[in-house]
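Between the sequences and the hints, there should be enough to build the whole structure, so can you do that?
Chains as they are written, first to last, in the working numbering: chain A, 431 to 953; chain B, 93 to 519; chain C, 20 to 380.
Quick caveat, the hints were computed from the structure, so don't treat them as lab data. Just so it is clear, CB atoms sit at the ideal spot from N, CA and C, and this is done for glycine as well. Any given hint could turn out to be false.
[Said to hold, decoys possible] Every beta carbon over 10 Å from chain C, so not counted as near; a handful from chain B, in silico:
no., residue
1, Ala-170
2, Gly-202
3, Ala-316
4, Lys-333
5, Leu-345
6, Ser-404
7, Ala-496
8, Leu-504
[Claimed, not checked] From the structure, some residues in chain C lie toward chain B, with a derived Cβ separation under 7 Å:
no., residue
9, Ser-102
10, Leu-189
11, Thr-238
[Stated by the list, open to error] Computed from the model, here is a short list of chain B residues facing chain C with C-beta under 10 Å:
no., residue
12, Thr-294
13, Leu-348
14, Gly-423
15, Pro-474
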Amino acid sequence: MRLELKGLTKKFGSFTADDDIDLVVEPGQIHAVLGENGAGKSTLMNMLYGILKPTSGEILIDGEPVSFSGPGDAIAAGIGMVHQHFKLVGPFSVADNVHLGREHTLAGGVLAAKAARQAVLDVSERYGLRLDPDAICEDLPVGVQQRVEIVKALSGPKTELLILDEPTAVLTPAEIAELLDIMRSLAESGTSILFISHKLKEVQAVADTITVIRRGKVVAELEPTASEAEMAAAMVGRAVTLQVDKTPAEPAEPRLEVKDLTVVNAAGVKALDGLNLNVHSGEIVGLAGVEGNGQTELARCILGLLKPDAGHIAIDGADVHHHDPARRIADGLGYIPEDRGRDGLVTEFSVAENLVLNQYRDEPFAKNGVVDAAAVRKRAVDSIAEFDIRTQSPDEPAASLSGGNQQKVIIAREFSRPRRLLVAAQPTRGVDVGATEFIHNRLVTERDTGTGILLISSELDEIYALADRIAVIYNGRIVGEVAPDTPREVIGRLMVGADLGGDADAETDPRTRPDDDANGGDR
Amino acid sequence: MSTDTATPPAEQPDAAENPPPRPGFTQLFGRYLIEANSVMVTVYSLLLAFLIGAVLLIVSDENVRSTYTYFFARPQDALTSSWILVRDSYLALFEGAILNLNTLERFQAGTAEFGDLLRPISETLLNATPLIFTGLAVGLAFRAGLFNIGAQGQLIFGMLGALAVGFSLNLPAVVHLPLAIVAGALAGAAFGAIPGVLKATTGAHEVISSIMLNNIAFFFLVWAIGTGFFHSETKSELVTKPVDESATLPTLLGWLGAGLRVNLALIVGLAAAVFTWWLLSRSTFGFRIRAVGFNAHASATAGMHVGRTYASTMAFAGGLAGLAGAALSLGVGSSGVTTNTALEYGFDGITVALLGRARPGGIVAAALLFGALKAGALSAQPDVPVDISTLLQAIIVLFIAAPALVKAILHLRTPRGGMVTLEAKGW
Amino acid sequence: MAVKPYKLALVGLSAVGLAAVAACGEAPSDSGDDNADASFLACMVTDSGGVDDKSFNESSWNGMLAAEEENDDIKVDFKESSSETDYDPNLQSSVDDGCNFIVGVGGLMTENVNAIATANPDVSFATVDGFSEVENVYSIQFDTAQSAFLAGYVAAAQTQTGTVATWGGLQIPPVTIFMDGFARGIAKHNEDKGTDVQLLGWDVEAQEGTFINGFESATDGKSQSDTFIEQGADIIFPVAGPAGIGALTAAAEDDAVTAIWVDTDGYESTDYGSEIITSAEKGLANAVKDSVLAAYDAAQGGDAVTGSYIGTLENGGVSLAPFHDFEDDVSDETKAEIDALTQQIIDGTLVVESPASPTAG
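Below you can see the structure in the form of structure tokens.
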């Protein structure tokens with residue numbers, strides 16, 4: 431299929447999300463659309479998939495202009511889409527999910543299970559995507575779930591163009607490599623792919639041609655031979671340093687000591703299983719690992735939102751078991767939560783209110799239980815200037831800000847009060863290149879003032895860029911602590927538990943564990 | 093449906109082809125009127141409710157209905173009688189709630205006192221008073237993300253608390269009345285705190301627990317009235333002792349004429365609304381309530397005690413509902429309280445809070461509207477069925493709760509900031 | 020689309036409706052009532068529950084309608100109260116509407132009626148189930164202990180298991196007076212005939228018993244009746260208005276169980292005539308009707324009605340209903356005894372005592 435966009439424009443009131451976008455996807459081509467968050471990628475994609483109606487401009491398929499009034503039209507026209515957030519029904523089988531909404535039925539509405547299974551097997555075979563049609567989706571690893579989404583998209587009546595929206599955000603390095611292989615083989619078999627991403631390496635690795643959009647406009651057409659710096663400059667509109675300048679760390683006294691931490695979740699599974707970890711003043715410890723291996727629980731335990739079932743946490747040498755989050759925050763714990771919208775911001779609150787969310791009771795922001803609006807506002811004006819938060823005013827709701835600016839609000843909040851230890855979980859997730867650069871530099875500056883930083887990230891690039899020491903977490907335990915110059919492959923293997931049973935286990939967890947668990951820690 | 097896959101671009105862009113350089117005020121206002129924003133949705137909900145009410149009035153009136161049986165023979169009969177019925181019914185509601193035109197004539201002729209003119213307004217305000225309190229009780233909890241269905245039970249306890257102090261202590265009025273009011277607030281607060289504490293400590297959903305507590309409160313009331321402590325010494329019916337004169341809420345307009353029953357509780361209610369507004373928008377407690385209501389996760393991450401916020405908000409809400417109970421038991425004068433005194437004020441508070449969009453100012457306005465409907469319906473019966481006020485309230489709230497319905501019926505535009513939604517995050 | 024004209028019509032109508040409120044012209048008051056030109060307006064203010072409560076509000080209203088039926092010069096009207104807060108405005112607006120006679124239903128309203136009657140000496144008032152000493156207030160009360168006494172005597176004679184039961188809606192005098200009479204009737208049978216019939220649900224000495232806390236829920240009434248049936252009762256006497264239907268459905272499910280109804284002749288007023296041995300009737304409608312007619316007569320002489328009325332066996336204000344389907348089951352001996360007891364009560368040789376009796380208050 432040949433897809434052509436001519437002068438595609440989408441306006442929301444006075445705001446132009448996409449402005450006169452021209453773009454051609456040739457048959458069998460992988461066409462990357464590169465842009466920062468808020469550049470207009472999602473709007474573009476939603477117009478292509480029939481979710482939004484263009485204000486003006488044309489979409490042509492094989493030279494014929496088309497107009498979609500809903501995703502159904504787009505699917506009928508041969509467009510398949512894999513969303514960033516999977517749209518699978520967890521307890522259903524792979525075959526059921528693939529045919530969700532267009533079930534094969536026999537007479538009387540009986541599901542034709544056999545036909546559905548066969549259809550999945552056919553598609554899997556044709557494109558070389560291995561899938562067990564009977565597996566239950568929620569039991570599958572994230573990478574395989576994504577494969578289900580791809581097969582689902584390809585199972586449309588005549589899918590010839592696949593839109594992949596930030597498909598690598600949730601994958602492990604190995605799964606990313608696999609996905610890129612799949613994309614290549616799909617393209618070879620004639621499927622056109624529109625690949626939406628802000629990750630330069632992947633785009634470079636797989637795209638045939640690259641369109642960069644910024645503020646709703648096409649600003650560059652690049653070849654995959656373009657350097658990362660070129661791409662980043664086009665995205666941001668100025669030269670960007672991708673490398674963070676930093677001096678070697680000078681670790682001093684311990685700021686965070688985690689000993690034998692165990693958390694049993696509601697399902698009775700150990701989310702943390704005797705985890706040990708130290709962070710010293712003046713160093714950034716990168717915690718690498720595939721998401722869901724206990725990072726979330728660890729962060730919540732350090733803040734005090736989650737009470738461990740066993741083990742100790744000491745901050746600044748003092749056991750904090752009996753300290754509530756408010757106390758720990760007051761004592762200098764900074765916390766950047768991984769899920770910004772859920773845990774970091776009250777998005778309905780103004781920027782100003784969010785900037786004092788964990789200080790609203792302290793002077794000068796409140797006196798005798800009354801909020802001092804002027805003081806809150808002054809803090810907001812200062813922070814907006816210092817942290818370059820792009821907002822129309824301090825009174826705008828946080829929801830109106832872009833992801834990167836929302837994250838800057840959180841950073842500003844945590845960096846504007848005395849701190850001794852910072853837990854930064856996925857600090858640049860969904861944040862554009864420019865803001866990432868800013869946040870990375872702030873974290874290093876922060877380290878240099880003597881704060882201990884625990885950086886939790888599922889992106890190895892980020893870990894490599896910032897960490898002075900890398901700890902790898904797998905199944906609730908630290909399976910290895912390595913230097914920042916350790917090769918990617920080694921860490922990648924640790925992340926999936928491949929090197930377990932060897933030195934790593936013995937090195938970080940020398941105890942005879944069963945007894946420890948039975949007797950518990952300070953609980 | 094893919095029928096219009098090939099339709100040419102929509103007409104809207106052409107329609108807005110020649111926009112004036114700057115939209116004038118009238119134009120902006122005109123656009124505002126046809127937009128589904130929260131103010132206009134409320135206005136249109138009221139209009140639609142009165143419209144549907146008119147249809148139901150016509151359908152339920154036997155005489156008018158009979159004229160429709162020969163509609164095609166003599167349509168003017170049906171139309172005229174429908175028109176007269178609807179006009180008279182709404183006029184009667186107006187006269188019962190705002191101003192009685194007959195009384196006005198008599199006043200102009202010198203046969204009625206000025207106080208007589210104020211009687212409908214007085215009744216409206218009297219009926220609105222408990223609704224202000226229960227509306228605030230529900231609305232405040234809304235803001236913390238809690239659905240306080242339990243205002244009825246909290247009101248009942250407030251009623252008993254105020255009553256107990258009101259008849260059992262022998263004190264001068266300056267002390268007795270405030271003490272009785274405070275007792276009502278505290279009793280309501282104590283009862284209201286229960287679902288909050290249960291939610292904070294065990295995660296029990298406040299909707300379930302407060303519904304159950306309503307039943308407990310009602311049967312406690314039935315039992316309590318029968319006890320020697322509460323039961324009337326002079327009457328054998330199931331009615332309590334009356335409160336002492338020194339604990340009775342003084343009327344506001346009594347000096348203007350007889351039967352002007354609106355009392356000091358109205359002033360307390362308006363003060364409570366102002367205080368609630370201040371609390372929500374200016375205090376650190378209100379900051380916490382709103383933060384927790386919008387996003388409990390982020391609030392907990394910022395070090396706020398979500399559970400304690402739930403408990404204290406529910407206690408505060410219970411205190412407001414308890415004040416409604418005090419307004420009832422200290423306002424009924426010599427009669428004493430029966431199992432019926434609380435009516436459904438607590439449940440009506442939910443609809444008041446919805447209509448007022450959980451904002452103190454809106455709640456006061458909604459309470460006045462519902463108070464007017466009740467006063468109007470009471471005085472307009474039996475020509476107008478007394479249930480008309482409940483019916484209109486229900487229809488209004490139905491439309492408020494489903495703004496998309498109003499938008500679809502009247503073909504309103506989508507406002508800039510998206511459709512209005514209710515803050516009922518408690519579910 | 021087909022809906023559109025309809026929507027337009029709706030919008031148009033709303034504008035019309037609004038214009039009506041704004042224009043507020045003179046309304047021709049042609050409500051189409053039977054006695055549109057009547058000179059005497061009799062009004063009723065209900066207690067909570069409404070005019071169609073299948074209980075005392077409705078019975079009283081039926082009496083009003085009967086008076087209107089009987090005399091072309093009388094027109095009747097009503098106003099409903101949702102709680103005692105509504106008594107005063109409803110009484111006041113009845114006066115304002117020019118009502119010549121105003122009936123307040125329910126003993127709780129007596130004080131409010133007294134107050135407004137004192138302020139309006141030219142208007143006649145009545146209070147149902149309440150006693151007033153105010154000149155222009157006519158008290159309507161019933162000594163239903165008398166009819167319930169006879170019902171209790173019948174129950175004691177008819178029970179096979181030796182156990183009968185009663186339960187009430189709320190513990191208020193108009194309810195407990197029935198239960199007192201019922202209990203005393205059973206005691207009388209035990210004393211005279213040497214039986215040992217037990218009564219569940221009411222202790223007449225302690226004035227304590229079983230109440231379902233309302234007059235609405237037939238479901239509660241049925242479960243309470245089932246409980247008593249399990250404890251051996253084979254005759255149930257529910258004193259709870261519409262909720263009493265629950266006792267009848269319970270009786271219908273068990274061949275051995277029957278019921279005795281209150282207020283009206285249940286054989287006529289319910290669908291369970293075959294389950295009802297008899298009923299302890301209270302002639303509310305008749306008494307209200309008579310009061311309206313009396314007030315009308317007084318008004319013709321320019322006076323307000325005065326005095327009081329207590330329904331008794333003697334004046335037929337209370338009575339024991341016919342046995343209907345149970346005519347053959349009740350022995351002639353029992354019937355004779357009932358007649359004798361009725362006579363003794365009328366004579367005053369037998370007094371059925373109840374703290375709730377109108378003579379006591």
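I'd like to know which numbered hints this structure contradicts. Please list them from smallest to largest.
Per hint list: 11, 12, 13 violated.
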